Amino acid sequence: MNTLEIIKPENLVYGKPRLMNDNPMHYCPGCSHGVIHKLIAEVIEEMGMEEQTIGIAPVGCAVFAYNYLDIDWQEAAHGRAPALATAVKRLNPDKMVFTYQGDGDLAAIGTAETIHACNRGENIVIVFVNNAIYGMTGGQMAPTTLLGMSTATCPHGRNVELNGYPLKISDLLAQLDGTCLVTRQAVHTAAAVKKAKKMLRKAFENSMSHKGTSIVEFVSTCASGWKMSPDQSNKWMVENMFPKYPLGDLKDI
Amino acid sequence: MAKIKGTVVVDTERCKGCDLCVVACPTDVLELAKEVNSKGYNYARMKNPDECIGCANCGYVCPDGCITIYKVKI
Amino acid sequence: MKHEIIIAGFGGQGVLSMGKILAYSGLMEDKEVAWFPSYGPEQRGGTANVTVILSDDKISSPVLHRFDIAIILNQPSLEKFESRVKSGGILIYDGNGITAPPTRKDIRIFHIDAMNTAVNEGNAKAFNMIVLGGMLKIEPMVTMESVMKGLKKSLPERHHKLLPMNEKAILRGMEIIEEI
Amino acid sequence: MEDEVKLMKGNEAIAHAAIRYGADGYFGYPITPQSEIMETLMDEKPWETTGMVVLQAESEVSAINMVYGGAACGKRVMTSSSSPGISLKQEGISYMAGAELPALIVNVMRGGPGLGTIQPSQADYFQTVKGGGHGDYRLITLAPASVQEMADHVALGFDLAFKYNNPAMILADGVIGQMMEKVILPEQKPRKTEEEIRKEQPWATLGKTHGRKPNIITSLELDPAVMEQNNIRFQQKYNQIEENEVIYEELLCDDAEYLIVAFGSTARISQTTVELARKEGIKVGLFRPITLWPFPKKKLKAYSEKVKGILTVELNAGQMVEDVKLAVECKIPVNFYGRLGGIVPTPDEVLDELKKLL
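Protein chains in written order, with our numbering: chain P, 1 to 253; chain B, 1 to 74; chain R, 1 to 180; chain L, 1 to 358.
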């Protein structure tokens, strides 16, 4: 049996989700954003919610997320996505609403919006991509940058006296009564991707059953910002990011 | 005994040659081509098509959604 | 007919609510009314004042320099507003806390011993209604019926049981006001 | 009884009018002298009657971005604040102008700069009509001068915002917000249904229905050629608004030799000044811009042929006076009188100033 004989619709195992369109993504090669976008598309598709979903895009690398998934989107000002999502969900309680935010957007400039949306228990999903660096603006320090890790604005490595500590914001959000699910996932292996998708689905289901705020943090890579190959980035992430940001559920009620 | 045979189709124009699929493949099916696509990326392709078991690991980790996987039981 | 009134005293004396009841009373008689308070961070203590205008015609400025009637409930307010009563106008004050009584000769000055009366009769909270009653005695710009209707409008439902007590206080004020 | 005459503060009138307009949401943060707006809404509990959402946000920044989110769904949403809070909201206002979103923002001005004072001021005129946030945009600006207008401008503001897909602001001050006057509230209108919104605001992000392209609400466009076209489109829209939506009021202007130009609370004060002046035989009229942007420049230019001079009265150091001068193209003397820092002038004071001009 040759290759051409296998390529038939009935033999399909896996492909680009239908909700992800053909627009070429502006992300760098190997960027974790692409996989996370796919997972969101798959979950929305599988839940049959594509006509009921409103996504809120951040400022940062994912600013153009709205160009890649064929759902309705709003583009927020930097850090304000949870405020937008709050209004969208409260005004439309039957819609499925999520924000997609990076570490700068969610854990620096938008900390207040993030914490208060979670504390109010807004019935939204917050997808949090933590790659410990600012990608869009050219690799500056993020609130989640590891100690000793060098970036454009901490070229000698993050230093506690100068920059304080990496912010484990998901741990903080797990303390809030308004959150029902806080989980930390990654997408560096096929197994990790499958597990992450399961938790993402749970998060979206929580939002529809009005259980409170669900946060899915993706510990991610930034090959360009970290100045490594995508594969090296994954290895570096396992060795350096995971000890500080261990994968697993911080809260699941 | 039934054998599983798979194959992958790479959208070579969409591919950015990040190599993550190559690393993820358990049976060493994929490689990056010497040739480049119109954007200048060395795209992924099958070097050992016969080894593919259709596990889709390459597809799962592909950030750009450019891999489609098929499989059959023979 | 138009009445331009300033009510001034300490915060917590019921200055603003006295003005509010007067404004509501005017509303009951289909008059044009404006109620413009001084507002500030202090809810109690400090000085508070409110301008109330009742008029048969449309009211232009809610901010005024001169008044037909000044109701003065503390010394700082007396100092601020005595000179701003129109010639031939009325100044009513409660002597409690007034160290230097008003001196103008071109206006009518009335004294009302409202605070002492309220306290002696065990009803300190109705102090402002006693003062209001005094003013209505001198210048009956609205009927007692309208005042009671206005009072009912301006009080939350749960306080409506206090209406008879307030009415009593207004009538008491009418008795005790005296011209100097 | 729907048309019952009520007595209430300007701030309370805004709240009641919003409910009766069929507004979908209010998002705010307390600040003096406008806190009664949210307090009244919370007390009225419109979520139990009309379904209107009322939410106290964690900051003005968050509140305006909630408004952005709601507006992007095609909903009738609003916020209110006072000067320092409005400064914080400028980010969201600029984004809404850029994304062409309709919304109503209320500014009950207080004296600045900085934390300033809580007393009345009109010092945010420049901020409101000349920019405020970044970028070339305009904010439809209404200046109510009575409690009745506070109520009426809610509907007017929403209607204009939705007509042009542009944020609109009610620019009031502590006098208008805090004073009580008679008001007749509008009749209760139903809130728009989702079907109506989908029809009237086809751009609304309410979920991508089958067959249509995704709706994307954004102010971002990295291609300068496209961004220039966007800006040109905005400017055309602004020109249309300037052409069609100017509102003003004239009092005793027909035979006037002099004009007082004032808006909001100072217009009310100046109204008494005009009455006092007329008693003294001074032929003065009051011209009150109700829309501060679009500014009634054509009408004022026409007056420059008829009157000898203009006195602009404001609670600031001279802001609208610049627009008056531009409007009359310096053909007649334009003078200014203002008080600062929360001091409100009395009609007599303005009369003295007027007499200096004669």
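Any given hint could be a false lead.
[Claimed, not checked] Covered stretches of chain L (in silico footprint by chain R; criterion: 3 or more residues with CB under 8 angstroms from a CB of chain R, positions within the stretch not fixed): (1) 176-182; (2) 229-238; (3) 347-354.
[Said to hold, decoys possible] Here are the computed lysine-lysine pairs in the BS3-like style, where the Cα-Cα straight-line distance is at most 30 angstroms: (4) P/195 x P/8; (5) B/47 x P/211; (6) P/168 x B/34; (7) R/2 x L/283; (8) R/153 x L/182; (9) L/356 x L/297; (10) P/16 x B/39; (11) P/195 x P/211; (12) L/297 x R/58; (13) L/192 x P/211.
These aren't lab readings, by the way, just hints derived from the structure by calculation.
This one's a predicted model, so the numbers in the text were calculated from it and none came from an experiment.
Idealized CB from N, CA, C, for every residue including glycine.
Do the hints match the structure? See the list:
Restraint check on the stretch 176-182 of chain L versus chain R: 5 residues with Cβ-Cβ distances below 8 angstroms, three needed, restraint holds. Coverage of the stretch 229-238 of chain L by chain R is violated in this model, with 0 residues showing a Cβ closer than 8 angstroms to a Cβ of that chain against a need of three. Only when three residues or more bring their CB closer than 8 angstroms to a CB of chain R does the claim for the stretch 347-354 of chain L stand; here the count is 3, and the claim holds. For the hint pairing residue 195 of chain P with residue 8 of chain P, the CA-to-CA distance comes to about 28 angstroms; that is within 30 angstroms, so the pair holds.
With a CA separation close to 49 angstroms, the supplied pair residue 47 of chain B and residue 211 of chain P exceeds the 30 angstroms bound. Our distance criterion of 30 angstroms between C-alpha atoms is broken by residue 168 of chain P and residue 34 of chain B, whose separation comes to about 42 angstroms. This hinted pair checks out: residue 2 of chain R and residue 283 of chain L have alpha carbons roughly 24 angstroms apart, not beyond 30 angstroms. With a CA separation close to 13 angstroms, the supplied pair residue 153 of chain R and residue 182 of chain L stays within the 30 angstroms bound.
Distance restraint check for residue 356 of chain L and residue 297 of chain L: the Cα-Cα separation of roughly 25 angstroms lies within the 30 angstroms cut-off, and the hinted pair is therefore satisfied. Among the hinted pairs, residue 16 of chain P with residue 39 of chain B is consistent with the structure: their alpha-carbon atoms are about 20 angstroms apart, no more than 30 angstroms. In summary, the hint linking residue 195 of chain P to residue 211 of chain P is supported, as the alpha carbons are separated by about 21 angstroms, within the 30 angstroms threshold. For a cut-off of 30 angstroms, the pair hint linking residue 297 of chain L to residue 58 of chain R stands: about 28 angstroms separates their Cα positions.
Restraint check: the Cα-Cα separation between residue 192 of chain L and residue 211 of chain P comes to about 28 angstroms, which is no more than 30 angstroms; the hinted pair holds.
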